[in-house]
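Novice: Residue numbers (my numbering), protein chains in the order written: chain A, 1 to 230; chain Z, 1 to 230; chain E, 1 to 355; chain H, 1 to 355; chain G, 1 to 233.
Errors might be hidden in some of the hints.
[Claimed, not checked] Here's a subset of chain A near chain G, in silico, CB distances under 7 Å, partners left out:
#, residue
1, 45
2, 71
3, 72
4, 89
5, 168
6, 187
FYI, nobody ran anything at the bench for these hints, they're computed from the structure. Every residue, glycine too, gets a C-beta built ideally from N, C-alpha and C.
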Amino acid sequence: MALSDAEWTAVRLSLRVATVAMIFSLPLALAVAMALARGRFWGKSFLNGLVHMPLILPPVVTGFVLLLVFGRRGPIGAFLAEYLGLVFSFRWTGAALAAAIMGFPLMVRSIRLSIEAVDRKLEDAAATLGANSAWIFLTVTLPLILSGIVAGMVLSFAKAMGEFGATITFVSNIPGETQTLSLAIYSLTQVPGGDAGAMRLTVISVIVSMAALMLSELLATAVARRTVAA
Amino acid sequence: MALSDAEWTAVRLSLRVATVAMIFSLPLALAVAMALARGRFWGKSFLNGLVHMPLILPPVVTGFVLLLVFGRRGPIGAFLAEYLGLVFSFRWTGAALAAAIMGFPLMVRSIRLSIEAVDRKLEDAAATLGANSAWIFLTVTLPLILSGIVAGMVLSFAKAMGEFGATITFVSNIPGETQTLSLAIYSLTQVPGGDAGAMRLTVISVIVSMAALMLSELLATAVARRTVAA
Amino acid sequence: MNLEVEARHRIGTFAIDAAFQSGGGVTALFGRSGSGKTSLINIIAGLLRPDSGRIVVDGEVIADSGRGLFTPVHRRRFGYVFQEPRLFPHLSVRKNLAYGRWFAGIGTSPAEFAKIVEMLGVGNLLDRRPETLSGGERQRVAIGRALLAAPRLLLMDEPLAALDDARKAEILPYLERLRDETGIPIVYVSHSVAEVARLAEQVIVIDNGRVKASGAAAAILGQATAHLPRRETGALIEGLVERHDSAHGLTLVRAGEYLLHVPHLFAPPGHPLRLYIAARDVMLATTRPQGISALNILPGTIVDLTPAHEGSVDVRIACGGNLVLARITALSRETLELEPGKAVHAIIKTVALDY
Amino acid sequence: MNLEVEARHRIGTFAIDAAFQSGGGVTALFGRSGSGKTSLINIIAGLLRPDSGRIVVDGEVIADSGRGLFTPVHRRRFGYVFQEPRLFPHLSVRKNLAYGRWFAGIGTSPAEFAKIVEMLGVGNLLDRRPETLSGGERQRVAIGRALLAAPRLLLMDEPLAALDDARKAEILPYLERLRDETGIPIVYVSHSVAEVARLAEQVIVIDNGRVKASGAAAAILGQATAHLPRRETGALIEGLVERHDSAHGLTLVRAGEYLLHVPHLFAPPGHPLRLYIAARDVMLATTRPQGISALNILPGTIVDLTPAHEGSVDVRIACGGNLVLARITALSRETLELEPGKAVHAIIKTVALDY
Amino acid sequence: AEKVTIFAAASLKDALDAVNDEWQRQTGEEATVSYAASSTLARQIEQGAPADIFISADLAWMDYLADRHLIDKASRTNLLGNRLVLVSAETVAAPVNIEPGLDLASLLNDGRLAMGAVDSVPAGRYGKAALENLGIWPKVAKKVAGAESVRAALLLVSRGEAPYGIVYQTDAAADPGVKVVGIFPENSHPPIVYPIALTADSRNAAAAAYLEFIKSPEAAALFEAQGFTVLVE
Ligand SMILES: Nc1ncnc2c1ncn2[C@@H]1O[C@H](COP(=O)(O)OP(=O)(O)OP(=O)(O)O)[C@@H](O)[C@H]1O
Ligand SMILES: Nc1ncnc2c1ncn2[C@@H]1O[C@H](COP(=O)(O)OP(=O)(O)OP(=O)(O)O)[C@@H](O)[C@H]1O
Ligand SMILES: [Mg+2]
Ligand SMILES: [Mg+2]
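Here chain A stands alone, though its shape is the one from the complex (with noise of 0.2 Å):
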């Protein structure tokens, strides 16, 4: 099954986007989960509800809003491309921050779930032993919820990879930009006879996805025999 070269830059694309909104997405997910797992602060029940609002809503309206926020014309969009120069519509970056804000929930729960279930006493006794709490986080809490955030960026990807009404009504379907595999099976359905291509490209992208996955398994596995060992 050799891959055409429209169907290469689709799954590089794909790979692409979905790696990057899985890793940029890491660090606030954390401080959410964070937040949500040990804050006491006003807002919290909507900070948790806005958190869900990606899978509330149908991922058309999703993408609708992100247009507007993040669109050219949008109150951040507009600002984000004046002054870093990052540009989403109609980008790559566009289909990323799709992706992204369509895995936060699940990453955020993740990682929650891990963090609420942390022996807070550890926590203390690195303190007794020095530690500050930046540092107890880094060298204690890190290590402590690493499955949760393996899970999380898991999730993160695999619905990256799938994802696709949020990312075509915010960033349409451009080839070679912002086609990922989930578009480009997408179209080929809504053609008489493209179910042959469709299945095709569904094949390869469970077969990235499923390697994707193990990798991630390994890896998991790996990261938590290393911390020991080392």
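Given chain A, work out where chains Z, E, H and G with the ligands should sit, using these hints.
Specialist: Quick look at chains Z, E, H and G with the ligands alone, frame taken from chain A:
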């Protein structure tokens, strides 16, 4: 903001679909999470991959696969209709099935994370006190993974509220039967001048989901407390 | 009641290879930290499946790797007090205590429940969560949980380590009664010779996964070898309560030919008793001392003496049918010219015999 | 070095209301299970923020609720050995041990590391995960971790409870050296009077969250009150090593006017020493006994006697400048007609004085 | 009587809802409509969906069903037509004369041309055909942003993301945020046709009546009000 009859219907349908999807997928999700967290069997990676499939595939493809398999001409669909009188295609039950499947990986991951965090020494202690595996699961493991179960149910519910691609592909968009809020919103976005209506429905959906979300958190806290007090 | 254990197992670089038999009652496992006591108990409980081994309780083969037989943990009905409390965090203290009763079928009676709760002093903790308990309170609840499961064998891994002496003094008699009245065999890990001396019929000394010594408590505790902390060597003497002297708060115990004065005990005349007389508590005199506060002055004959070790010598004395062990300095031995066969008086303070 | 603690706090139905001062050295916290020892230590560590309270170390105010001052835990540099080991499960034993060194700035030298590892006997565990350690091994690693953080105050909550006597005998001298050489104040929770007697300058008895007694170790341990397990009452005597009798494995210690024979010690002549003489180990005689194995026979005068309690009486004797406590039966008291002012001989076995 | 179930392309929603209201007012009977992409609906009919009537947004999916004998071929009619228009955001509203050789590429500058996805959305396919026909396609092909639907394309223009877009006249008319700057010649692309047919499986007697009604002048007026061209007489 009084709701019209049609809107009420969609709200009720959405809630029914999301609730049924969440409740019926729970036992299987528990079993699969248990197998993935604890089991050591051939094909575990494969099972893990399979569970993630609905995330990885574009929802349209998932819906299409459902249509082929659970449709009235599909192998399983025909069987179920014949012997159990259980029809999915173009029924709200199908919408629930689609939502359940789309939310399944989220539920499994949450529960699996919680299971992995359980201190197995407590299960050993229960065994020395005479509890067999089933009792240990019911009286020790289950209460300890309640937070993961609740998290999984919340994710599944939220996902069901927002599910669109697989549902419309599998069971179409039939008002009163399969037109959930999410599908109704989609319909409105497809015509000129539908935006106001779409916005209105979106707000309704967000309110309903947020209410469900808060209820779930309250419930979780209450259950956690009751477990001890009773 | 009878217990037979045989196990061979590797964990990482550590290897267990131990076998012992016990005629019931309390079997003490003694050994330094890391010697394999917990591992052995886990094997008995069925929590650790040994590479090869055999466990027989009362003639019933519980596990036998040779015959591929392995009774699952929950069907063994061996109560286990773990080294750390392992309470169920989601259950109240009351439910933790009651957990095993349910599975025990007949279960224990409410009166029994009340009695154990009272004995352990956890009555006012019943509705609390384990996480709010102090270390010792947790340990006590864990003991209660195991006792209330109506086990047919009790495994106790340093159950009293986190408790103060007063609390121990409340729990030990209960364990004695359990041993004497129900005949449940108990395997008991402890670092305290006093506890072991009081409870155990049999002592097993474990070292680096192997049984280094095993036998009747009196024999093992009386050996001045490196098996036990030297400080704690002593003699176990079996006696019978003869009568009470309530006026002076004393009890007279017949041990062989002699009557020993011990602090007042709540036991009827005729009740059998085991007295542990630590060697360090026994003085020797060549003539009967006069005007001395010690009430027990037992004439006897020296049986043998160990060589001097760190300046002290253990002397065995035959005293009216019992062997008593005395630890004295090498200097005293010289001065008093103690030799086997010499007649001496063993002097034992009553207050040192607080059973 | 100086420590001042004052705390008032409610947890559920339990209330802490305690204050004590310590001039440094080792302060022992004594009290029954559930009396509030751990809570008090947590307050000192800063893990529990009391409703109101004040902690001053060496004149530096660490916390003062009145002034709204609260130094965060990690800046207090108080080493804490918790009641349960609390090792970091994701780090090897080596990294657990080294954890605090990093934050201690200068840290402890590799030689110090090696020394502590050696003393605790955890050298062959360094690359293992905590979960594979035995209970006692965990406890030892936890002790090492706290020591290696170069703390300026040590909080130890029953640090030796899970250890055998031999292991204790290796760790206690280290703690003594720490106390004597570095002058780090230590707050030490223990149920063992022997440990406390050996280490502590000061003893605080906690009961139901309140300080029931506090003062110099000698004073508290010598009081025959219900503060301490009665079994363990005794006298603390300060002495100086006079000379060694290597031939007989003995050391002579000057205590007041007398020379005491104790088992051989590794301490140079002139070294100060604290001997704990348990009341139950002291015999009294109205005439100087002859031909007796005990090497220490100290003439003295009875200062006072407690009323009889459970058949026994505690007698205080002034012996050449020291007070010695003897517990004898009420019967002996009658027989020997002991009264304040009467001249007696206190008889103490050398082997009972194993420091 | 049993409800008539209609599977209709999503872009018909407004118009068809109005027609149904009128039908219910006149006959007292109800019609249920499932709006989705034509492709989805066609596949569902193939899998035995309970549809009585199918209205596709293009001929291809109707042909797809016809080839599989899933529609009543006798009942098939081309119901509606539509026009393709070029729209621009309010700010660049200069009219454009759409003719062969139009330099749309320079008009776009470095912006994008928003239209339905060219290989999945019918409007996109028509648009691409028209651009090819007029010889514009090669230069703009790389600048096309294929939206998920005509509505999404329209949004891209009205939000200023893309300076120009190609959409149906019906959609353009209803959006105040965009201006029609040109209409594609009707011969530049295959006829835009919404075919209608009874499904082969339909057993609903009312369906035929509905089919008659939808071709009636009353219905035609309602369609025309939304900007559609009515093709049936
Ligand atoms: N949330 C709570 N509600 C009620 N009582 C509590 C709560 N938390 C702690 N306590 C009580 O506070 C008391 C002091 O606990 P602490 O752990 O300080 O005891 P401790 O002296 O260390 O005992 P131990 O020797 O058993 O470890 C205990 O009786 C405990 O039950
Ligand atoms: N996975 C492992 N790899 C290597 N050694 C192990 C492993 N697991 C346990 N051990 C060793 O087995 C020995 C026996 O452990 P065990 O818990 O039985 O000791 P113990 O006698 O109960 O000691 P303690 O009195 O300290 O509780 C210990 O030295 C421990 O380090
Ligand atoms: Mg152990
Ligand atoms: Mg405590």
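Novice: Each hint should be assessed against the structure and marked as holding or not.
Specialist: Checked hints:
1. Below 7 Å, beta-carbon pairs count as interface contacts, and residue 45 of chain A has none with chain G, the closest being about 32 Å; its hint is therefore violated.
2. For residue 71 of chain A, the shortest C-beta to C-beta distance to chain G is roughly 5 Å, which falls under 7 Å, so the interface hint holds.
3. Annotation: residue 72 of chain A was flagged as interfacial toward chain G, and the flag holds, the nearest CB pair being 5 Å apart, inside 7 Å.
4. For the restraint placing residue 89 of chain A at the interface with chain G, the shortest Cβ-Cβ distance is roughly 5 Å, inside the 7 Å limit, so the hint holds.
5. Among the interface hints, the one on residue 168 of chain A holds; its C-beta lies about 4 Å from the nearest C-beta in chain G, closer than the 7 Å criterion.
6. For residue 187 of chain A, the interface hint holds, since its Cβ comes within 7 Å of a Cβ in chain G; the closest pair sits about 4 Å apart.
Taken one by one, the earlier hints fail for this structure only at number 1.
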